[in-house]
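> Residues per chain, in single letters:
Number of protein chains: 2
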Amino acid sequence: MAVGDVTMPHMHVVQGVKIGSAEAYVRYPNRRDLVVFEFAKGTNVAGVFTQNAFCAAPVHVSKAHLAQANPRYLVINTGNANAGTGKLGMQNAQLTCVKLAELAQVEAFEVLPFSTGVIGEQLPLQRLEQGLKPALDSLTDDAWLDAATGIMTTDTTPKGASEQFELDGITYSMTGISKGAGMIRPNMATMLSFVATDAPISKQLVEQLLKVTVEQSFNRITVDGDTSTNDSCIFAATGLAGGDEIREIGDARYPVVLEVLARIMKRLAQLIVRDGEGATKFITVTVEGGQDTQECCDIAYSIAHSPLVKTAIFASDPNWGRILAAIGKAGVKDLDVEKIQVWLDDVQICKDGGAAADYTEEAGARVMTQPELTILVDLGRGTAKDTVYTCDLSYDYVKINADYRS
Amino acid sequence: MAVGDVTMPHMHVVQGVKIGSAEAYVRYPNRRDLVVFEFAKGTNVAGVFTQNAFCAAPVHVSKAHLAQANPRYLVINTGNANAGTGKLGMQNAQLTCVKLAELAQVEAFEVLPFSTGVIGEQLPLQRLEQGLKPALDSLTDDAWLDAATGIMTTDTTPKGASEQFELDGITYSMTGISKGAGMIRPNMATMLSFVATDAPISKQLVEQLLKVTVEQSFNRITVDGDTSTNDSCIFAATGLAGGDEIREIGDARYPVVLEVLARIMKRLAQLIVRDGEGATKFITVTVEGGQDTQECCDIAYSIAHSPLVKTAIFASDPNWGRILAAIGKAGVKDLDVEKIQVWLDDVQICKDGGAAADYTEEAGARVMTQPELTILVDLGRGTAKDTVYTCDLSYDYVKINADYRS
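Quick note, the sequences are listed as chains A and B, same order.
Counting with this note's numbering, you get residues 1290 to 1695 for the letters of the first sequence.
Counting with this note's numbering, you get residues 1290 to 1695 for the letters of the second sequence.
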């Protein structure tokens, strides 16, 4: 079960974005496992993708196509990741685009393919192709929930975020979905996330907005430290709600868009952690007082990846020695442990490198039993700060991943 | 339960090494949780220690003492790591040495302290001191098994290795013990390991032998990727079995000693993995065909640390896509995935970056059900090679670490 409030919000329609889906039986029957996005002509689209060297065939194809033109269509299947599938996998990803392009009467390079699911098996291309027409036939502007549901794998809940905002008297919508629960430690993007707005934003700024916001959202979450082969995040601006195109950072509307997008991306990223495989706790790890952001990030990830910290939190055991050990093993140079302070929410557990004098196990345990908690570390040697989001490590993580293919 | 054969061998007496133990009730009653080693005068001793920035008080003290002189005594307690304990922890580690030195009539700097157990609690110094005399009174040359048992924490079995070897007609013994099951991803040494020989070896060569052999043994194992605050490994050569001191690498006896020590260290390191918390499988990860050893090591650890690979092996599921993903996320530059071959023992699962044509799930599953298996990766771009040892990730790992302090 996901941790905290993960309910889908009202998913505002984004003018210029239509979504269709179909049952293609990629892996399991009776589910709408094929999703198609259609963007209106003139939509500016940006994408970031996994840095895993074994990145999947659809990632290769999507990157190549995105470099040629703004895409008009996204085609997403769940159940099969089309990764580790060699040349045939590349062909299948390309053929999916060709087939959809024929039906939709666009160029194949105007289609981006996405896949998520089991690695190392070939796509059932014929079944997938048969689903393309029904998916296109079902295109509608109000199917974000269907899309969020359609792309789920081990997710227990669909994930969405949506807001409206006003610029110069015009109301715009921004809506996005994400999926992912395991193999989550994105490096550039999460497994799959799609966000769109009907605000008018230049291609260059769409790319910049995506890069900036991904860095503090999807690039700051971890479930198990395993970077997926298929991570992709797409941001599209259709411009169809009207207004002049935002082309410059100096445009007064830019910071508003940035703020909304940052909030939506953070929510979508956190939803993945809240639904992390076997998660029973949502944990925010903030490291401040560092010399630079990188060392704060390294230590935050060292804590967030430590199986010992994660199992202690699962057990609601304030075994804070494990947090210290995780700080110490992060490989940060010349760390003066006697300057380090550690808090669990408002309870200081470690003062100047040792146990805080007024710390009690009861106070620590009170925080540890909460479904949501923050581990705050102050390195006492600077002003840099960074935050990472993670979940605990439970029996169910092992169960889910030991059973996933059976 | 530990994986494979972990039985204690006959532990050969090492002339010049005596071991005593006592019940000091550091944490749990009714166990000999305090162990003392005595080395004969003239014994050359070397040590390597954790690189965790939060290294424990006894590690600080041991390093300082070892820099001053060859130690005559080691004093080891289990149940409490004396880590994250600030200035009082340092005092307690030093006082332990002072007290033992008084009783044994040596200098305090001739005593090295070691602690293992829970982090962040102060040593029960009084109880510990009370155990020192009975421990010294019980010194005997035939108590290696007692020592191996005395230093256990979450270990399910004592760990030892012992060999005899002949140099120039003289028979020498080399015997060692280790402990550790969780918080295991040593970086310079494991949690605790003590090895001694009665061969005559110069101080400089004792240090060199330790460094060289640790690199391919304790520095190549991982249970959970968590580097302990207390990792220490000690190698002592008493010289009491006779013969001229070995001072040069060119000495014909040096490679013989190196070979025996390498074998003993490897065995002691592997025993820790075999007894890894919750382990049901012993896994050798070998990466070859690399440009240099570092990239082979990085990829081997990336596989060995992947919770997804480890849970798949626990489930005996040949979900080899997870192995590819772990290779890809290791951060090795310019990896050509189309040159990568992967085997599970003799079964080739991945050929040229995709599924091997003749691979069958049945063949993969056959290997995965074995209690011991090798993952072999060929990067196809050089001649370098490295090997890491690990275990699977099971329900019991979570159980042990969620329950450890209760």
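Hints were generated in silico from the structure; no laboratory data involved.
Keep in mind that the hints are not guaranteed to be accurate.
Each pair may be met inside one copy or between any two copies, as identical chains are not told apart.
Here are the simulated DMTMM-like cross-link-like pairs (lysine to aspartate or glutamate), alpha carbons at most 25 angstroms apart as the crow flies [claimed, not checked]:
| id | residue 1 | residue 2 |
| --- | --- | --- |
| 1 | LYS1330 | ASP1667 |
| 2 | LYS1628 | ASP1540 |
| 3 | LYS1688 | GLU1650 |
| 4 | LYS1674 | ASP1623 |
| 5 | LYS1422 | ASP1294 |
| 6 | LYS1622 | GLU1455 |
| 7 | LYS1628 | GLU1418 |
| 8 | LYS1555 | GLU1651 |
| 9 | LYS1688 | ASP1457 |
| 10 | LYS1628 | GLU1548 |
| 11 | LYS1388 | ASP1667 |
| 12 | LYS1622 | GLU1504 |
| 13 | LYS1307 | ASP1430 |
| 14 | LYS1330 | GLU1577 |
| 15 | LYS1388 | ASP1435 |
| 16 | LYS1622 | ASP1587 |
| 17 | LYS1688 | GLU1661 |
| 18 | LYS1422 | ASP1540 |
| 19 | LYS1388 | GLU1537 |
| 20 | LYS1555 | ASP1647 |
| 21 | LYS1555 | GLU1399 |
> All hints are to be evaluated individually against the structure, with a verdict given for each.
Evaluation of the provided hints:
1. In this assembly of identical chains, the alpha carbons of LYS1330 and ASP1667 never lie at most 25 angstroms apart, being 49 angstroms within a copy and 47 angstroms across copies at closest.
2. Proximity of LYS1628 and ASP1540 under a CA criterion of 25 angstroms is satisfied in neither setting, with 43 angstroms inside one chain copy and 49 angstroms between copies.
3. Taking identical chains as interchangeable, the C-alpha atoms of LYS1688 and GLU1650 lie at most 25 angstroms apart only when they sit on different chains, with a minimum of 21 angstroms there against 31 angstroms within one chain.
4. Taking the shortest Cα distances, LYS1674 and ASP1623 sit within 25 angstroms of each other inside one copy (18 angstroms), while across copies they are farther apart (32 angstroms).
5. In this assembly of identical chains, LYS1422 and ASP1294 lie within 25 angstroms of each other by CA distance neither inside one copy nor across copies; the values are 36 angstroms within and 59 angstroms between.
6. Taking the shortest alpha-carbon separations for LYS1622 and GLU1455, neither the intra-copy value of 47 angstroms nor the inter-copy value of 45 angstroms comes in at or below 25 angstroms.
7. In this assembly of identical chains, LYS1628 and GLU1418 lie within 25 angstroms of each other by CA distance neither inside one copy nor across copies; the values are 61 angstroms within and 31 angstroms between.
8. For a Cα distance limit of 25 angstroms, the shortest separation of LYS1555 from GLU1651 qualifies neither inside one copy, at 32 angstroms, nor across copies, at 43 angstroms.
9. With identical chains, the CA atoms of LYS1688 and ASP1457 are never at most 25 angstroms apart, being 52 angstroms at best within one copy and 57 angstroms at best between copies.
10. Neither within a single protomer nor between protomers do LYS1628 and GLU1548 lie at most 25 angstroms apart by alpha-carbon distance, with minima of 34 angstroms and 44 angstroms respectively.
11. In the homo-oligomer, the alpha carbons of LYS1388 and ASP1667 never lie at most 25 angstroms apart, since the shortest distance is 55 angstroms inside one protomer and 37 angstroms across protomers.
12. In the homo-oligomer, the alpha carbons of LYS1622 and GLU1504 lie at most 25 angstroms apart both inside one protomer (24 angstroms) and across protomers (21 angstroms), since each shortest distance falls under that limit.
13. Taking the shortest Cα distances, LYS1307 and ASP1430 sit within 25 angstroms of each other inside one copy (4 angstroms), while across copies they are farther apart (81 angstroms).
14. For a Cα distance limit of 25 angstroms, the shortest separation of LYS1330 from GLU1577 qualifies neither inside one copy, at 45 angstroms, nor across copies, at 50 angstroms.
15. Taking the shortest Cα distances, LYS1388 and ASP1435 sit within 25 angstroms of each other inside one copy (23 angstroms), while across copies they are farther apart (72 angstroms).
16. Both within a single protomer and between protomers do LYS1622 and ASP1587 lie at most 25 angstroms apart by alpha-carbon distance, with minima of 11 angstroms and 20 angstroms respectively.
17. In this homomeric assembly, LYS1688 and GLU1661 come within 25 angstroms of each other (Cα to Cα) both inside a single copy, at 23 angstroms, and across copies, at 21 angstroms.
18. Proximity of LYS1422 and ASP1540 under a CA criterion of 25 angstroms is satisfied in neither setting, with 41 angstroms inside one chain copy and 78 angstroms between copies.
19. In this homomeric assembly, LYS1388 and GLU1537 never come within 25 angstroms of each other (Cα to Cα): the closest approach is 38 angstroms inside a single copy and 72 angstroms across copies.
20. In this homomeric assembly, LYS1555 and ASP1647 never come within 25 angstroms of each other (Cα to Cα): the closest approach is 35 angstroms inside a single copy and 45 angstroms across copies.
21. In this homomeric assembly, LYS1555 and GLU1399 never come within 25 angstroms of each other (Cα to Cα): the closest approach is 28 angstroms inside a single copy and 56 angstroms across copies.
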